[in-house]
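Residue numbers (the working numbering), protein chains in the order written: chain A, 9 to 252; chain B, 7 to 532.
Hints in this document: simulated from the structure, not taken from any laboratory. Hints may be right or wrong, so weigh each one.
[As the list claims (entries may be wrong)] On the chain A side, residues computed to face chain B include the following (Cβ under 7 Å):
no., residue
1, F68
2, V70
3, V125
4, G138
[What the hints assert, rightly or not] Cross-link-like lysine to any residue pairs, in silico, SDA-like; alpha carbons within 25 Å at most:
no., chain 1, residue 1, chain 2, residue 2
5, B, K384, A, G138
6, A, K36, B, L426
7, A, K60, B, K384
8, A, K97, B, L440
9, A, K170, B, L446
10, B, K516, B, A317
11, A, K48, B, D511
12, B, K384, A, T235
13, A, K60, B, E316
14, A, K60, B, D505
Note that CB positions come from ideal geometry on N, CA and C, so glycine has one too.
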Amino acid sequence: MSLLRPYGDTTGDGMVQVSFTLPMAHSKVAEGAAAQLAEKMGIQPALVVHAKPMGPDFTFFVVYGPVRHLVDPSVVEVVERDYPLLTAKEVNARVKSTLRRRLVVVGACIGTDAHTVGIDAILNIKGFAGEKGLEYYRELKVVNLGAQVSVPDLVAHAIEEKADAVLVSQVVTQRDAHLLNTREMSAAFREAFPPARRPVLIVGGPRFDESMAAELGVDRVFARGTTPVDVASFLVHRLEKRAS
Amino acid sequence: MTGKLDLDPVLVRRARALARQVGRPIVKLARQHTTVSVERATLRLAGLSGADPDGTPWVNRLADAVRADAGLEHGLALPVWDALVRGEAEDLLVLAQKAAAGSVRFRLPDGRDATRAQAAARRQVGAGIRRIDAQRKTRERLIRTIGDAPSQPWIYLIVATGDIHEDIPQAQAAARAGADVIAVIRSTGQSLLDYVPEGATREGFAGTYATQENFRLMRAALDETSRELGRYVRLTNYASGLCMPEIAALAGLERLDMMLNDSMYGILFRDINPIRTFVDQRFSRQVHARAGIVINTGEDNYLTTADAVEAAHTVTTSQLLNEFFAKEAGLADWQLGLGHAFEIDPDVPSSLRLELAHALLARELFPKAPLKWMPPTKHMTGDVFRGYLLDGFFNLVGALTGQGILLVGMMTEAVVTPWLSDRDLALQNVRYVLQAAGDLQSDFRPLPGSFIPARAQHVLGESIDLLERISEHAPSTSGAGLLDAIADGTFGLMRRPPDGGRGLDGVFRKAPGYVNPATDLLEGTS
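Go ahead and model the full structure; you've got the sequences and the hints to work with.
Written out as structure tokens, the structure reads:
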């Protein structure tokens with residue numbers, strides 16, 4: 009693919025539009041400053057089409073103009089997730105056709121960690137970032153054990169509930185507690201289940217490195233910014249792989 | 007009553023009668039129980055505040071100690087004030103410290119000891135209630151001398167930095183930009199804490215902790231801004247979650263003006279035990295009634311989890327139940343900010359007419375309630391330009407249907423927490439629409455028998471059907487059809503059994519001789 013410029017109404021015109029706020033009172037100097045910023049962004053000539061004071065100390069600008077940069081799609085690198093993102097409907101339908109029953113998810117904060125923010129954001133119907141949690145998915149049965157659950161308790165609940173997946177959240181990272189707890193957890197599950205029967209193990213928290221799954225003995229690590237649909241989609245992907 | 011929808015008054019009466027029928031057994035259940043949070047709220051009203059070096063509030067330490075020695079089924083008041091009357095400590099704080107150190111034992115007094123303890127408790131809790139009364143008078147005086155919000159709907163803006171010292175300048179800026187009501191969003195997860203954090207806080211997750219000190223700081227800052235602007239700027243927070251009664255008490259003591267407070271939200275969306283929720287609800291609403299606080303209910307949540315057309319009647323049903331529970335707890339019509347939202351998929355044909363029908367239905371069913379009108383969130387896609395238009399239509403429906411409280415929609419919903427410019431553009435949108443529409447509301451009258459009244463009547467009918475199904479629900483184990491309906495997943499998609507959910511271990515069936523001076527004073531029974 010060849011080099012591209014943005015498109016306004018004519019091929020190659022390079023037109024873009026940006027809006028931003030500068031922390032200064034509205035004046036001719038402020039409009040000049042806005043044009044200067046736009047030009048530094050590569051917009052030349054920058055056309056400040058709108059400037060509006062917001063209180064005494066801020067001004068909002070809308071700027072149009074041609075950008076001198078080119079883009080080359082052939083050298084764009086993206087990190088592709090290795091499973092497709094599904095809608096809630098698709099998750100439900102695929103769980104139904106793969107398992108012919110509800111998928112059981114057991115979640116907990118283990119160790120002394122009392123921060124249920126993460127596990128609740130993923131599991132509670134209220135969800136996170138405008139997205140509903142796993143409880144919202146009709147074909148998922150969610151058992152949220154809450155905070156400060158011991159590893160033996162978690163294993164016992166996973167057995168009792170016949171869990172297909174176990175979600176563990178770790179927020180506290182003092183003295184690498186999150187890593188130690190996760191390793192203890194994955195070892196306990198390996199001991200309690202034959203490999204084919206072991207629930208899918210997922211751990212998440214703001215300080216985890218997503219590439220550490222193998223080292224920690226879990227199936228997947230989720231880091232900051234993970235939303236419920238990421239987790240649901242991964243679960244479907246993994247269970248379909250197991251079933252096939 | 008304007009009667010734009012030609013609602014059948016017999017059906018409206020029937021809907022209210024059903025709500026009463028469904029709600030009554032729940033009230034009975036609430037009266038039969040108390041919770042740790044109701045008891046701790048009583049201690050807060052009596053003036054106990056602060057926390058131990060680990061951050062555990064003294065009310066929790068004291069309540070836990072009494073619970074271990076004497077149980078909570080008789081209430082905290084008798085054992086606590088019996089210990090004070092016996093001279094175990096000179097005041098509540100020292101008593102809590104001694105209790106935490108294990109150097110005082112609690113007992114359930116009887117005879118003259120009980121009478122003396124009860125009288126002492128009543129004096130001290132009564133002082134807290136009087137402080138709430140004084141704060142209510144202060145609010146009324148400030149509104150009289152400074153001036154009130156110039157017109158309805160009141161413009162409601164949110165701040166949510168996580169740091170109270172960042173929230174304050176943002177809230178003041180929002181008020182200067184035109185907000186009549188400032189809501190401070192709470193930190194994610196506070197609803198599931200079984201204690202109220204203490205002091206001024208600077209680190210929340212996507213919101214700021216609700217604490218007594220944060221309430222006080224923000225109210226003081228907004229009082230200053232109110233004087234500067236010549237209109238009283240109202241402050242909102244959340245009386246929800248496991249500490250709902252305590253937060254309600256703190257709101258009354260620190261003169262918050264509105265509180266989010268829904269009868270079933272915690273059960274359905276936070277998996278809090280149903281009985282815990284209904285007991286805590288009733289107490290918190292009694293406090294709000296006394297404090298002159300306007301409650302905002304949470305019906306918008308039903309529409310974000312279910313389809314806004316199919317689930318429209320669940321909003322109406324919940325509004326009717328919220329109204330019943332609120333009035334039973336002593337709230338007046340002007341205190342009922344019943345919630346609803348503009349959440350219909352914009353790709354649905356005639357979505358604007360459907361929104362108008364639903365919003366008018368709420369307006370006509372509850373003509374004296376202020377109504378809280380919530381902007382689109384579910385269909386805000388990140389396309390900020392389309393979102394801005396959607397917010398404009400939301401504002402128009404608000405103007406056409408006489409909404410009392412308008413939560414300002416942000417075009418960057420689902421993208422970022424609002425920027426300064428997002429808020430400014432959003433307020434321009436509101437102002438343009440309200441000014442352009444003027445009193446269009448009084449000209450606007452759908453043709454009898456046309457789409458809008460037909461749709462509203464249909465939703466009311468569905469709501470009555472749902473209430474009938476709930477009231478006919480065989481009260482099997484729990485003694486209340488509504489509890490069984492909740493257990494069955496009638497609301498939202500959630501099954502919430504009465505013996506499940508968080509906070510159940512903090513629920514106690516009251517024993518004969520239960521004493522709580524706060525409840526007595528709030529109910530005016532003694």
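Going through the hints against the structure:
no. : hint            : in the structure
1   : F68             : holds (5 Å)
2   : V70             : violated (10 Å)
3   : V125            : holds (4 Å)
4   : G138            : holds (5 Å)
5   : K384/B - G138/A : holds (7 Å)
6   : K36/A - L426/B  : holds (21 Å)
7   : K60/A - K384/B  : violated (30 Å)
8   : K97/A - L440/B  : violated (39 Å)
9   : K170/A - L446/B : violated (60 Å)
10  : K516/B - A317/B : violated (37 Å)
11  : K48/A - D511/B  : violated (62 Å)
12  : K384/B - T235/A : holds (15 Å)
13  : K60/A - E316/B  : violated (42 Å)
14  : K60/A - D505/B  : violated (57 Å)
This entry does not satisfy hints 2, 7, 8, 9, 10, 11, 13 and 14, going by the numbered hints stated previously.
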